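All chains, please: the whole structure from these sequences, using the hints.
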Amino acid sequence: MLEVKNLNSYYGNIHALKGVNLEVKQGEIVTLIGSNGAGKSTTLNSITGLLKATSGEIWFKGKNITNIPPSHIVKMGISLSPEGREVFPELTVEENLQLGAYTRKDKKVIKETYERVYELFPRLFERKKQTAGTLSGGEQQMLAIGRGLMSEPQLLLLDEPSLGLAPNLVLKIFELIKTINEQGTTVLLVEQNASMALSIANRGYVLETGKVMLTDDAKALNNNAEVRRAYLGIG
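The C-terminal position of the sequence shown is numbered 234 in numbering that gives the first Met the number 0, with every residue numbered one higher than the one before it.
Check before you lean on any hint, since a few could be wrong.
Cut-off 25 Å, straight-line C-alpha distance, at most; resulting in silico cross-link-like pairs (BS3-like, lysine-lysine) [claimed, not checked]:
id	residue 1	residue 2
1	K4	K51
2	K104	K127
3	K104	K62
4	K110	K128
5	K62	K24
Beta-carbon label-pair distances, calculated as ranges [unchecked claim]:
id	residue 1	residue 2	range
6	S198	Q129	31 to 37 Å
7	K218	G11	35 to 41 Å
8	K107	N35	20 to 26 Å
9	K51	A165	34 to 40 Å
10	S70	K210	39 to 45 Å
11	R228	V108	44 to 50 Å
12	E56	K127	39 to 45 Å
13	K127	G11	18 to 24 Å
14	Q97	H14	37 to 43 Å
15	D216	W58	38 to 44 Å
16	Q25	R228	30 to 36 Å
Keep in mind the hints are simulated off the structure, nothing from the lab.
Predicted model, so just to flag it, every value in this text is computed and none were measured.
Note that CB positions come from ideal geometry on N, CA and C, so glycine has one too.
Quick look at the structure:
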């Protein structure tokens, strides 16, 4: 479904991605793990066109989407739930979700997507007329993911969905990610909580200073002594 080939991206003079290669197959949950500054968010921003790649290629469903404008990429079936949630605080829950569907025209299908999102996140339905700035951190995270789903993506990119959440909410968010995947959405997950990410993922990539250092199925990475020591705090 998604193939990233020898991707190089820069922030000014900083060489943030150094020849990154990765693949996401339809129906998978794939996770990118690594320490702060490893290039995880930069990879997602490059895929979505928010950061222009300097060289390399990004392919989605057989089409080269390298440096295509972000709005076109959303229309093609890729959606991002960004790090830090980035909800619009002055707008209501419903208005935030509505913005997620801005590329779509069919009102009947949009209504069905609202229903799907509210079914996944009943808390959002209860607060649909409430402004997003008054929601708790966990509710804002649900809203950010829900907004990402409003474009009916085939591939959902999640950037640090558990960041700043209480442990019980982290479990809830990861259960919901699994449900979203089981309903047919492929997921590429960037997550600081490597243990939780690997517990729901099919495969993983370990990034260090802009390079893929290791890739394997999630269970093997979870059992890898080096990964356990560096990212899971075990051993």
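Outcome of the hint check:
no., hint, result
1, K4 to K51, "holds (14 Å)"
2, K104 to K127, "holds (21 Å)"
3, K104 to K62, "holds (24 Å)"
4, K110 to K128, "holds (16 Å)"
5, K62 to K24, "holds (15 Å)"
6, S198 to Q129: 31 to 37 Å, "holds (32 Å)"
7, K218 to G11: 35 to 41 Å, "holds (39 Å)"
8, K107 to N35: 20 to 26 Å, "violated (44 Å)"
9, K51 to A165: 34 to 40 Å, "holds (37 Å)"
10, S70 to K210: 39 to 45 Å, "violated (30 Å)"
11, R228 to V108: 44 to 50 Å, "holds (48 Å)"
12, E56 to K127: 39 to 45 Å, "holds (41 Å)"
13, K127 to G11: 18 to 24 Å, "violated (41 Å)"
14, Q97 to H14: 37 to 43 Å, "holds (39 Å)"
15, D216 to W58: 38 to 44 Å, "violated (22 Å)"
16, Q25 to R228: 30 to 36 Å, "holds (33 Å)"
Of the numbered hints listed earlier, those contradicted by the structure are 8, 10, 13, 15.
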